[in-house]
Structures are given as C-alpha cells and as structure tokens.
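Residue numbers (my numbering), protein chains in the order written: chain G, 1 to 329; chain D, 1 to 231.
Any given hint could turn out to be false.
DSS-like mimics (lysine-lysine), calculated; alpha carbons at most 25 Å apart, straight line [what the hints assert, rightly or not]:
| hint | chain 1 | residue 1 | chain 2 | residue 2 |
| --- | --- | --- | --- | --- |
| 1 | G | K129 | D | K88 |
| 2 | G | K54 | G | K259 |
| 3 | G | K283 | G | K109 |
| 4 | G | K217 | G | K54 |
| 5 | G | K246 | G | K259 |
| 6 | G | K259 | G | K60 |
| 7 | D | K64 | G | K2 |
| 8 | D | K64 | G | K217 |
| 9 | G | K54 | G | K2 |
Which chain G residues stay away from chain D? Per the calculated CB distances, all over 12 Å, these [what the hints assert, rightly or not]:
| hint | residue |
| --- | --- |
| 10 | G72 |
| 11 | G103 |
| 12 | I134 |
| 13 | K138 |
| 14 | L181 |
| 15 | P182 |
| 16 | I221 |
| 17 | K231 |
| 18 | A324 |
Listed below are several chain D residues computed to face chain G (Cβ distance under 10 Å; list not exhaustive) [unchecked claim]:
| hint | residue |
| --- | --- |
| 19 | S18 |
| 20 | S87 |
| 21 | K88 |
| 22 | S89 |
| 23 | G93 |
| 24 | L172 |
| 25 | L176 |
| 26 | G180 |
| 27 | N181 |
| 28 | I182 |
| 29 | Y184 |
| 30 | V185 |
| 31 | R187 |
| 32 | L195 |
Think of the hints as simulated: they come from the structure by calculation, not from any bench. All C-beta atoms in this analysis are idealised placements derived from N, C-alpha and C, irrespective of residue type, glycine included.
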Amino acid sequence: MKKITKIAVAALIAVIAVALVAYVYIESTKPQRQQLIVSTTTSFYETGFLDVVKDNFEAKYPDINVSFISQGTGLAIQTAMRGDADMIMVHDPAQELKFLQDGYGVNRKVISYNFFVIVGPNDDPAGIKGLDPIDALKKIKEYGDDGNAVWISRGDGSGTHAKEKRLWTAAGYNATELAKLPWYLERGAGMTDTLKMAYEKDGYTLADLASYLSNMKTGNINMDIVVEASKDLLNVYAVIANNPQKTNLTASNFDASMKYIEYLTSDEGQELFATFGVDTFGKALFSPYLQLLNSGSDPDLITWIYEYAYFSGSECPEQYRYQAGDLYT
Amino acid sequence: MFDVIIDAVEKAFQLIFSGDPELLATASRSIYVAGAGTLLACLWSIPIAVLLGLYSFRGKWLIKSLFNAMLGVPTVALGLILVMFLSKSGPAGFFDLLYTINGIVVGQALLVTPIIVSFTSSALAETDVQLRDLARTLGASHLQTNIAVLREAMWATVLSLISAFNRGFGELGIALMVGGNIAYVTRVLTTSISLESAKGDYSFAVALAIILVAIVVSITVLVNLVERLRQ
Numbered sequence: 001m002k003k004i005t006k007i008a009v010a011a012l013i014a015v016i017a018v019a020l021v022a023y024v025y026i027e028s029t030k031p032q033r034q035q036l037i038v039s040t041t042t043s044f045y046e047t048g049f050l051d052v053v054k055d056n057f058e059a060k061y062p063d064i065n066v067s068f069i070s071q072g073t074g075l076a077i078q079t080a081m082r083g084d085a086d087m088i089m090v091h092d093p094a095q096e097l098k099f100l101q102d103g104y105g106v107n108r109k110v111i112s113y114n115f116f117v118i119v120g121p122n123d124d125p126a127g128i129k130g131l132d133p134i135d136a137l138k139k140i141k142e143y144g145d146d147g148n149a150v151w152i153s154r155g156d157g158s159g160t161h162a163k164e165k166r167l168w169t170a171a172g173y174n175a176t177e178l179a180k181l182p183w184y185l186e187r188g189a190g191m192t193d194t195l196k197m198a199y200e201k202d203g204y205t206l207a208d209l210a211s212y213l214s215n216m217k218t219g220n221i222n223m224d225i226v227v228e229a230s231k232d233l234l235n236v237y238a239v240i241a242n243n244p245q246k247t248n249l250t251a252s253n254f255d256a257s258m259k260y261i262e263y264l265t266s267d268e269g270q271e272l273f274a275t276f277g278v279d280t281f282g283k284a285l286f287s288p289y290l291q292l293l294n295s296g297s298d299p300d301l302i303t304w305i306y307e308y309a310y311f312s313g314s315e316c317p318e319q320y321r322y323q324a325g326d327l328y329t
Numbered sequence: 001m002f003d004v005i006i007d008a009v010e011k012a013f014q015l016i017f018s019g020d021p022e023l024l025a026t027a028s029r030s031i032y033v034a035g036a037g038t039l040l041a042c043l044w045s046i047p048i049a050v051l052l053g054l055y056s057f058r059g060k061w062l063i064k065s066l067f068n069a070m071l072g073v074p075t076v077a078l079g080l081i082l083v084m085f086l087s088k089s090g091p092a093g094f095f096d097l098l099y100t101i102n103g104i105v106v107g108q109a110l111l112v113t114p115i116i117v118s119f120t121s122s123a124l125a126e127t128d129v130q131l132r133d134l135a136r137t138l139g140a141s142h143l144q145t146n147i148a149v150l151r152e153a154m155w156a157t158v159l160s161l162i163s164a165f166n167r168g169f170g171e172l173g174i175a176l177m178v179g180g181n182i183a184y185v186t187r188v189l190t191t192s193i194s195l196e197s198a199k200g201d202y203s204f205a206v207a208l209a210i211i212l213v214a215i216v217v218s219i220t221v222l223v224n225l226v227e228r229l230r231q
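Extracted from the complex, chain G is given alone in its bound form (with noise of 0.2 Å):
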C-alpha cells in the first residue's frame, strides 16, 4: 500500500472512532425519563395531530417521553397484546370490545368523533354523489362490474377498513369475496397511501374526514367528497390503557398511561382537539367528544354516539375498569 493510502484510512478509521466515541457520550448524558409507547390510528398521526399532543403533553409532564406507532386499529391492538405498546388510541368499538372482553385493556374512554366520507374522482363515474353511503356503494359494484369504477379498499384491519366492510355487508355484499374482482384493490397500508392510490387510479375510497383534508392540503391528491358526513359513517375515537395484570406493563409505564388518558379528557387536552386544523381548514379535524357532551348542544349526535360506541349504555363497563381513580366521576 502507498504511504498516503495508509494515512486516508487510519485518518478515516480515526475519525469513526472519535463519532462512535462521540455517540456513545450523548446518549448516556441524555436523562432517563419514562417511555409511553403509544400505538396508534394513522389518521391521528398521519394527520400531524399526535406531534400537537406530544409537544403540549411533555412540556406537562417533562418525564415522560411518549412515542406512537401508526398502525390502524387492528394491527395497533395486536401490537398491544403483544406488549409492544402500552396504550392504543383507536377508533373501532368492535374490536376495542374484543380487547377488553380478552382482559387485555382497561379504562376505555371516547375522546373525540368525526366522519367518514366516501371520496371519488372529480368527474364521479359512478354518480354517486349525493347518495347515501349504502346506494352509493350499490353502483360502484354496478359500474366497477363493468370496468367503468375502482374501489380502494385499507385491506389492513383498521379501524376504517373495519366500518368499510360493515358498509358492504349492509349492501348485501361481502367485502373478502370482493376482493377477487378486479375493480376492488386491496392497498393494505394506511389512509394516505390508500388516498395515494385512489387519486392514481382515479378510485373511490372510504376516508375520515381528517385524512382527506389534510391530503388534500398537501397536495396529495385531488379528489372530491362525493358521498358526506352521515349517521352511518360515524367515526368514534377511543382511547384504551393495557392491562398491566395481562400483559407485561410495568407500574410506571401504567401510571403514565393514565395521565395520558386523564390529560385527553381534561379542558386542556380537549381544547386541543377543537383547536387542530381550524386555521388551516377552517374546522376541527378530530371534533372533542367531552366538550359536545358537556354542552349538550347537540343531542342527537350525542345519541348516535351511544349507539354506535358505547357498550350496554356505558363507555367502560364497570368490570373493564382498573385503577381508574376519578375517571368515570
């Protein structure tokens, strides 16, 4: 070897040394504070929401670092079972019924509501707009049987795919045979990849209204709401601790769960729910469950909430509790 090749690579070899050495010192300097994972709906995070909470959550409590993984509700509760996560915020009460019947989460709270909307291509192909959700769904098959309609479907167990196939069930059809034609795509992945997708292919789609604005915002996609907010597309968001007795949670990662869930149910943590996005959009994304309840302003929402998410009238049967403090007062 040349002399000057051996200086290049001992002075590399140098300089790997000191940046690891380097590395190492930083990160043991760094405070030890409490991890709260948190698994998560995309739409939460997707949206930018999740970084609001997070900044205003540890600037509140600065010794708890908390994390989210986007997932969708079904993959967001497995990951929970799994003990991979401490807590889920999620948005099927179905599955989130399954989660506590298995003893594996406790201290259920509804912490905000929003739609879903069926978006379409700008020039609708299908004319469906202005229909309800159900008929709507009826011609897409109609249109999609003859090659003239494509139906992007989440195909990945959240809480949105879950209410997509409910929707198909109710118009008589069922959303895994669907799957086989061709018109039906399954993305399986999250609501703006599947957003990406329907605008590419010119397909409509199920969305919470969140995600679709805020695609829309970004450029994304370029689609129109073509079947809008109803009874029937009721979106409900929930939070849900882990149990530590089932699952290997610790007291403290627990305890932390619990003043996450106590700090979105507080005044402060529902203001910032009626406050995302209303510069930008004009509204809120995710409307605060706690604040239309307080105001009683509107009670047939507020009834439809019940129905919809709420299991024999409560949002957290007694025996799913655990610990809750003053929670449920």
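Dock chain D against chain G, hints included.
Frame of chain G; chain D shown alone:
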C-alpha cells in the same frame, strides 16, 4: 417463549403443503417480476457491458465506477424516485405504471442494471486479455474476435443474470412503493411478508419466507450443479 416460533413454523409447513392458491400466486408474481425485470434489463445492460468490457474510450473509468457504485443502491431510494416519476403528476405518469405489476418490473430492471453491467463487463475484459491476442495471431477479424470473446464469457454473463434475479426477487422497497402491495394484483413474497408480520400473522409470513429462501437457494444450487457438469 419459543412457542410462537415453533407454532409459526409448523403452521407454515402445513400452509405450504396444502398448496394454498394465494401463496402460490404470490410466489409466482415474485418470480415474474424478478424474471421479467432481469430480461428487460438485458436489453440495455448487455450492450453497455460489451462497450465497457471490450472498448476503450475517454471517461470509461468514470462510467465503470458509476455502475460499480450503483451496485449497492438502496431500493427505497430508487423506489422513491420511481414513485415521483411514475405518479400521475410526475413526468412519466402517462405510462400508467404506478401501482401495477409491470411498474415493479421496470423498477427492478433499473435496480439490476448495474449488477449485469458490472459483472459482465469485468468478465468480458478479463477474457479479452487472453483471447484477443490468440484470435489475432490466428488471423481473426475485429468482429470475429468480439464474438469469440462473448462466447467465452457466456457463463459469467449467465451468473450475473442469476445474481440480478436474486436481487430483484428478494428486494422489498421497490415492490412496496411502486407496486403498492395490492392484494391479488401486486402483492409479492417480500411485500406480503412485511404486511403479514406487521399484522402479527407470523405463520403466513414464515411460510412465505421459507418459500422465498427455498427458491433462492435452489436456483443457486442448480447453477453450481450445472457448472460442475460443464467442467
């Protein structure tokens, strides 16, 4: 603690031997994209390799080192570039290739180009040194010499194509980003493994992984066997 793994492997073998149609379809889609991608890449990679292996011109070392550097290009980076180009609002949107199986083929063709070019051109250059003098002394023309060199380097070229196939077959980034992992349409072995393991359905993911590894290993063993027989 190992129950999960043992259970997954057991179910995986049941799935493989039950001949699950979607498992077979996913495997054949993988073989299709890697195979078609490699063949498509040959269209331009072999001529470039001949140019770089048998001719000398100004700046050749630069082009050669560029191709060598591209050998390790991260598939997510290539996937990202392709998604931007193939998107409806991108410059190549009119091809309608985004989220299609042939979109993945094009992506993999680009991915394996440096592999074919680098390996084949090196093989050609090495053969060239020994053979050109011999052919010349025997009175061969320029064209005849090149054909003789190409024929001699045929085996090395085949090996480079196998490497290219294996690279495409096992990559995830391009298939996921360009193909979109659509069930029954663009879902291949690697994207399916990624989705199923995220979903927590380990047995299906393990079955897919076993098939993936088995195919790669058997191709390599087969090639080595052929090489032994050839000698």
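List of violated hint numbers, smallest to largest
Hint check: 8, 9, 10, 14, 15, 16, 19 and 24 fail, others pass.
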